[in-house]
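From first to last, the protein sequence lines stand for chains A and B. Residue numbering for the first sequence follows our numbering, beginning at 1157 and increasing consecutively. Residue numbering for the second sequence follows our numbering, beginning at 1157 and increasing consecutively.
Every clue listed holds true.
Covered by chain A, according to a simulated footprint, are these stretches of chain B (three or more residues, beta-carbon under 8 angstroms):
id: 1; segment: 1244-1255
id: 2; segment: 1262-1268
Far from chain A, some chain B residues (derived; all Cβ distances over 12 angstroms):
id: 3; residue: 1164
id: 4; residue: 1174
id: 5; residue: 1399
If you're looking for bench data, these hints aren't it; they were derived computationally from the structure. Each residue gets a CB set at the ideal place from its N, CA and C atoms; glycine is no exception.
Number of protein chains: 2
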Amino acid sequence: MKDLESLTASQAANALAKREIKATDLLLACLDRIGQRESTVKAWVSLGKENALARARELDKGAIKGLLHGLPIGVKDLFDTFDLPTSYGSPIYNNHYPATDAVSVALMRQAGGIILGKTVTTEFATFKVPVTTNPHDPKYTPGGSSSGSAAAVADFMVPLATGSQTAGSIIRPASFCGVIGYKPSYGKISTGGVKSLSPIQDTLGCFGRSVGDVALGVAAMSGDHSLANITDLHNKPRIAICKTPDWGLTQKETRAALAIARYAAEVIAKGAVGDLKLPTLFDDFSQTQARIMGAELSRTLTFERMRFPKKLSPQITKQLNEGAAISYEQYTKDLLLNQEAHAAIELIFSKDVDLIIAPSAAGEALIAKEGTGNPIFCRIWTLLGLPCINLNITSGPTGLPVGVQLIAGPGKDHFLLSAARAFARSLSDPVMRDQA
Amino acid sequence: MKDLESLTASQAANALAKREIKATDLLLACLDRIGQRESTVKAWVSLGKENALARARELDKGAIKGLLHGLPIGVKDLFDTFDLPTSYGSPIYNNHYPATDAVSVALMRQAGGIILGKTVTTEFATFKVPVTTNPHDPKYTPGGSSSGSAAAVADFMVPLATGSQTAGSIIRPASFCGVIGYKPSYGKISTGGVKSLSPIQDTLGCFGRSVGDVALGVAAMSGDHSLANITDLHNKPRIAICKTPDWGLTQKETRAALAIARYAAEVIAKGAVGDLKLPTLFDDFSQTQARIMGAELSRTLTFERMRFPKKLSPQITKQLNEGAAISYEQYTKDLLLNQEAHAAIELIFSKDVDLIIAPSAAGEALIAKEGTGNPIFCRIWTLLGLPCINLNITSGPTGLPVGVQLIAGPGKDHFLLSAARAFARSLSDPVMRDQA
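Same shape as in the complex, but just chain A (with noise of 0.2 angstroms):
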C-alpha cells in the first residue's frame, strides 16, 4: 500500500482495526511527510517520534484498543502531553513538561491513538504570528490559533489534530487550510489540562479531511463514542443561511462559498433554504463575546502578568491591558446579555430552523505577516457553545481554500455530523459544483 498518509484518519483506522495496514507503516508515512516539508510548513514545536514508533509496534502487536487504533495525531500545544514539552505557544514555559495528559490527550491515547508531536498555536492561543506558514502557500496564514494543527492535517502530515477554539480558532484555520474543522458544543470535551483562555467558552475540538474524521477524533475526545457513528439524516432538516451582523466584511469568495452551500442545502433539505436574520440583540453581540473574553483572558493569565511581565508578547501585553480595563460591572452586564442570547438562540432553534450557514472567515487566507484573520465571524457562536463544523467549499483569488461554516442548536452534536456528511456528499458531486 502506497501513500498511507493521504488516507484520511476515518479510513486508516477503519484500516488499522481490520489489520489490513500497521500503525508502524502508517506512523513512518507520516514521519516521511512531515520530513520533506516541515521546513516549509513548520506545523510542529515538537515529535516524539521514538515514543511514538514504540507505541506503534506495540499496538500492531496487541488487540484492538478503541476509535483511534494507531492513528497518529497532532496534539495542539496548548493542551498537556507528560511526554512532550508543553510551552503554549510562550517561551514562558520553554522547556515544560506536564505531570499529566490533558484529559482529552489521556482519552486519546486510552483509545489507542498515538500522539505524535505537538503542533504550533500561537502565544497562549491568541494572535501573534506564528512561524507556520499555509500548506497551500508558504506566503498565507494557515490561520490561527490552531495554525499547526490545521496545517499539518491539511498538508497530510498527520490525518488527525486536535484544536481549540475561544474565539475562532478552529473554525477560521479550518477554512484557511481548507480542512474539516469541528468544535463541539460547549462542555462536550474536559478542558482540563488545557491551558485556560476564557473559561465561559473555551472549548476543544479538532481537524481532519473528512467529516467522520473529526467525528472519530471528538469521539474519542469526549468519551461519547456513539458520535463516530454519523447516522444519515432521517427528516428534511429546516436550513437557513445567516449572513451574521459583520456580513459587510466578507470577500466575494466568501459570499460565493456561500452561495455554493445554498445550492447543496437545498438538495438536503429538499426544498427551500431559508434567511434567518439574527434578532437586534446580537447586532453588538460579537464585540459582546470580544470583551468577555478580553476581561477573562486578563484574569486567567495574571501569573504571567506578574511573573513573567517580559516574556509576553507586545501583542498579548496590549490584549491583556485592555481586558484588566474591563470592569467587572461591564463583564456583568455581558454576561446577562449572553443569559439573553443563549434563550433567543435556543428559541430560533426551536422554532424556525435545525441547521444554520454562516461565513467561517471574511475570505481566503491572509498575507502571513499581516496576522491570522479576523475571528469575528466564529466569535457570536463560540460565545452561544454551539457545535460548528468547517466545511471546505471553494477557493478564492489567489487560489486558496473555502469554507462556510454549519451551526447546529445547542448540543445537536450528532445531528449536525449527519447534516455535515450529507453536505459533504452534495458539494463533491461535480454536478453540483457546477451548478454554483
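Once you have looked at the hints, place chain B on chain A.
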C-alpha cells in the same frame, strides 16, 4: 496586640490596610498556632514558611496591594501553586511542582494574599479518609474533601483558606468544623489550574470565620471585588426551609439547627417563613448528581487510571470503575434531567423564594475512621450551580458544630452574602439563641 491569629480575615484585612498590624506579626502568630496544634490537627501538607515571611516583610514595606493585603492563606492541595508542591491528595503526584499557579491562587497573590501553605485534601478530592482531624476533637473527621482548609481555619491557624466542591466538599467540612464555608455560583471562580473532577459542577470557594471573610476570599479569587462590600438587605426576602428529599437521613441536631435557622429567618423576613417542597423531578436528583460525577470522574482521571492504577486507593478505584460502567447514554439522560432541573429551580427562585435554608450535612461529624461524611445534602445544590453558604448554628450530642446552608438563586452571590450576614447577626444575639 495579642492573639493576632484569632482575628477574622476581615478584621485582619482591615487592620492591615490601616497599618495597625503588621503582616509579619500576623503571620508569626499563625505560625505559632500551627506549631502548637499541627501535630494534633494535621491540616497541612506543606508550609512555605520562608517564602511567606519574605512576602510578609515585602508587603509591610510596600503599598497596599489589594483586598487580601498581608493575609496568610491556606490553599487546598488540589490547587496548583508554582512554589509549593501540589499532590492532589495522591501519591502519584508526590513532589510535583506545577509550573504555574491556579488562576484563583494568582488572583489572591495579586490581591496581596500570602500563600502560607497547602492544606490536606482527600485523594483527588474524593472520599478516602484523610489524616486531618476535627479541631474540636481529634477523634472525629473534619469532613472532606477540603479537610485541611476547614480545619486550619476552625483552629485559628489561618484566617482564610480555599476549598473546592463537586459534591459537598466545602459546605460539609465547614459544618463539621464550625466555620463559614462559601461555594459561590458555578463558574464564578475560574477552575484553571485546579485538578478537575467533574467539570460540569467543579466549583471553587473558601472558608473563613465570618461572612465577611468568605466574601473577601471569593472577591479576590474571582476578581469580582464588589463582593467584598456586603450591602444590607433592602427588602424583606422570601425565605423557605427546604427539607430536601433526603430529610429522612437527618439526625436530630440537624433538625434542631434548621429549627433555629427558622427563627433567624423569621426575623430577617419580618414574617412567616415557608416550607419549600421541591418538585418530584428532584426526588432522585442526588443520585443523578452522583452518576454525573462518577461518569465524569472516570474520564477526567483517565491518565491516572491508565498509568498508575496501583497508586490509586481501593476506594477511588472502586468509584472510578463504577463511574466507567455508567453508559454515555445514561450520562446524556442525566444531563437532560439536569437541564430540566435548572429550569425548574430558576422558576422557583423567580416565583416563590429568594433564599432557601437546607441542611449542610446529616448531623455532626462522624468518628474519623468512618469516613468524611455523606455529601448527600449538598449534591443537588452543587449540580444546580447555586451559591451556598454554611453558617454555624448549634452543636450536636458530642458537642461538635452543626451548620445549615443558605442557598440563593442562580448568580445571586451578592444577595446571598447580604442574607448570610443578616443571619449571622441574628444568630449571635443570645436572646435569639435562647428562643431556639
